[in-house]
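Trainee: Listed here are the chains, written in short residue letters.
Number of protein chains: 2
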Amino acid sequence: MSKFWEDYPDITEELEDITGIIVKNVKSSEKEFDEAISPLVNAGGKMLRPAFLLLSAKFGEYDKDKMHNLGAAIEMMHMATLVHDDVVDESKLRRGVETVQHKYSKEYAVYIGDFLFCQCFIMLSGFDYSTENLRDISKAISKICMGEIRQYNMRYLKNTSLRKYIKVISGKTAALFSISFYTGAKESKCDEKTSKLLGRVGYYIGMAFQIIDDLLDYSGDSYKLGKNAQSDLIKGYYTLPLIYAMAEDRENRISTILDNSSLNNEDIKEINILVNEFKGIEKAQNLANMYTKKAFDYIEKLPECESKQVIKHVAQKLLNRNF
Amino acid sequence: MSKFWEDYPDITEELEDITGIIVKNVKSSEKEFDEAISPLVNAGGKMLRPAFLLLSAKFGEYDKDKMHNLGAAIEMMHMATLVHDDVVDESKLRRGVETVQHKYSKEYAVYIGDFLFCQCFIMLSGFDYSTENLRDISKAISKICMGEIRQYNMRYLKNTSLRKYIKVISGKTAALFSISFYTGAKESKCDEKTSKLLGRVGYYIGMAFQIIDDLLDYSGDSYKLGKNAQSDLIKGYYTLPLIYAMAEDRENRISTILDNSSLNNEDIKEINILVNEFKGIEKAQNLANMYTKKAFDYIEKLPECESKQVIKHVAQKLLNRNF
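These protein sequences, in sequence, are chains C and U. First residue of the first sequence? That's 160 in the working numbering, and the numbers climb one at a time after it. First residue of the second sequence? That's 160 in the working numbering, and the numbers climb one at a time after it.
Hints were generated in silico from the structure; no laboratory data involved. Just to be clear, a hint being listed does not mean it is correct.
[To be verified] In silico lysine-lysine, BS3-like type, Cα no more than 27 Å apart, as pairs:
#1 U:Lys317 / C:Lys262
#2 C:Lys183 / U:Lys467
#3 U:Lys186 / C:Lys302
#4 U:Lys442 / U:Lys323
#5 C:Lys190 / C:Lys302
#6 C:Lys302 / U:Lys467
#7 C:Lys262 / U:Lys394
#8 C:Lys471 / C:Lys452
#9 C:Lys467 / C:Lys223
#10 C:Lys190 / U:Lys394
#11 U:Lys323 / C:Lys265
#12 U:Lys251 / C:Lys190
#13 U:Lys205 / U:Lys428
#14 C:Lys302 / U:Lys205
#15 C:Lys262 / U:Lys467
#16 C:Lys190 / U:Lys326
#17 C:Lys251 / U:Lys394
#18 C:Lys265 / U:Lys251
#19 U:Lys317 / C:Lys265
Could you build the full structure based on these sequences and the hints that come with them?
Mentor: Below, the structure written as structure tokens:
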């Protein structure tokens, strides 16, 4: 379990229970399958989506079993998308652990992801959830696929606009954050107003979270993140700090470096310096702050309860991270 | 639409309606997405799974809208698994049409498959189906993944047994045939006995169908099948005719050829001759006949109705094909 939740022993306990449910639901009769999936389950991610689902559900009539099952399904769905992302990105590491596609093969990772998707839908249809919420969850995943494909199509395009970037991260990250909050509330019989408010909180936290994730690629310590340094840039994913910097770079100095057929360490260092010089990181941080502020504005509108305070603290911690 | 259904104008019309539903449900705001998916929808497959669903549903209280929607979802699920299979197999052609992974990229095909999965679950949760049936369908897809992974793990293994082969095709083909029959009946309020009978019919048709498919690789005309000749063999998938032949080949003549680092045309020709010599095709045909007979035995047990006759004719046509 990630240390992220260490101040909240109750949530830690619930997330551990959810991890147990995931372990049970990814068990299969194929030994190799289990060996490939088990490190994913135990990789110690922050489990933000199920945690947000639980916190949101506590605004209504909290049904532990139902929520833990739903939380497990949502985390599995997220795991499935990660496994497939790693196929596309040819990533070697994820959360500091070797990826399925690198350890086994791309082929294996395709089926492992599909298997996780299916097991997740088996779980979703095995509990008494409203079909409306099932549809909303499916729609969120569909949005993730669209976001990923947009991002993939935009690789190496130097004229990526802020608008397009926003569209991508809104699909690939904010959609599932938002639906986790919203579904938690809806399935706990919160009224539509509170559920929608929570959905918005999730959306804005998701937007800020992704921008900060992209920003850390230019300012953070990649070892702490369990990622390869500047892997996004090398793979042609031009994220917000670079987009902002390129807009200011009238002599096209960044663009000229990007034209190199492959980027060496010197190129990357140079780009990092230029992105800083053109205030790409600063501006990206400002946009993240704007989304963070929106998230807090909506949190304030929520009915008073313990969960509201936890969401507030967690959002603060999450959006001020350098890890 | 495939010519397979030309003797049944009513079914053809219904399948065309289902195709229309699929077209509507795979539409997205991404132009490139649509361009990649549209040839899949119009590739003129036999649409066996939705057709069997309809035929089975006609044993009960037939609800056209409900069944067409469900049929579209099942075909989309099948399409998703095909797209991902092509990623794994690096196939260039499918149903005579260039595959997504070959035309675009593996990466693209991974997301296209995921998108199809999601759209299909959106549809499934959008109609008033029993969650029990949703779970059954998810389980069938999960079985397909397991079947595919088993098959993938068995590549290049010369000691593949009949038992293992049966396990693979039972998961990768028969499971979805069976569930199409079963769900059609259940969702049309057939009693459990009839529904289960129909499920078995589907299972045995699926088994015979897959064996014949594998057999045609050794005896059929690959142009007519829209596949590359002996692509399975080249990729290390050792199917039933080869498994049977190798069991008889005491001097390991086939095995010696398979040890070559890559198979050239001469090798393939030689293997085909040997598989024939050791009666691999004949024996595979016998096993297909055994499953076909089982299918017909169960068909006979079904209550009399028009649909029963159609299923009988179609099974005959399907299991006597050389196309």
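Trainee: Decide, hint by hint, whether the structure agrees.
Mentor: Going down the list of hints, with the structure as the test:
A threshold of 27 Å between alpha carbons decides the hint, and for Lys317 of chain U with Lys262 of chain C the separation of about 24 Å falls inside it, so the pair holds. Distance restraint check for Lys183 of chain C and Lys467 of chain U: the Cα-Cα separation of roughly 41 Å exceeds the 27 Å cut-off, and the hinted pair is therefore not satisfied. Of the supplied pair hints, the one linking Lys186 of chain U and Lys302 of chain C holds, its CA atoms being roughly 13 Å apart against a limit of 27 Å. Among the hinted pairs, Lys442 of chain U with Lys323 of chain U is consistent with the structure: their alpha-carbon atoms are about 17 Å apart, no more than 27 Å.
A distance of roughly 33 Å separates the Cα atoms of Lys190 of chain C and Lys302 of chain C; the hinted pair therefore is violated under the 27 Å criterion. Taking the CA atoms of Lys302 of chain C and Lys467 of chain U, the gap is near 42 Å; set against the 27 Å cutoff, the hint is violated. For the given pair, Lys262 of chain C sits about 21 Å from Lys394 of chain U by alpha-carbon distance, which is consistent with the 27 Å threshold. Restraint check for Lys471 of chain C and Lys452 of chain C: the C-alpha separation of about 11 Å stays at or below 27 Å, so the hint holds.
With a C-alpha separation of about 18 Å, the suggested pairing of Lys467 of chain C with Lys223 of chain C holds against the 27 Å cut-off. For the hint linking Lys190 of chain C to Lys394 of chain U, the alpha-carbon distance of about 23 Å falls within 27 Å, and the restraint holds. Under the criterion of a C-alpha separation no larger than 27 Å, the hint pairing Lys323 of chain U with Lys265 of chain C is consistent with the structure, at around 23 Å. Of the pairs offered as hints, the one joining Lys251 of chain U and Lys190 of chain C is violated, with about 31 Å between alpha carbons and a cut-off of 27 Å exceeded.
Of the supplied pair hints, the one linking Lys205 of chain U and Lys428 of chain U is violated, its CA atoms being roughly 30 Å apart against a limit of 27 Å. Proximity of Lys302 of chain C to Lys205 of chain U is assessed by CA-CA distance (about 30 Å); at most 27 Å being required, the pair is judged violated. Among the hinted pairs, Lys262 of chain C with Lys467 of chain U is inconsistent with the structure: their alpha-carbon atoms are about 50 Å apart, more than 27 Å. At most 27 Å may separate the alpha-carbon atoms for a hinted pair to count; Lys190 of chain C and Lys326 of chain U meet this at roughly 15 Å.
Distance hint between Lys251 of chain C and Lys394 of chain U is fulfilled; the C-alpha atoms sit about 26 Å from each other, no more than 27 Å. Proposed proximity of Lys265 of chain C and Lys251 of chain U is supported: the alpha carbons are some 17 Å apart, at most 27 Å. Distance hint between Lys317 of chain U and Lys265 of chain C is fulfilled; the C-alpha atoms sit about 23 Å from each other, no more than 27 Å.
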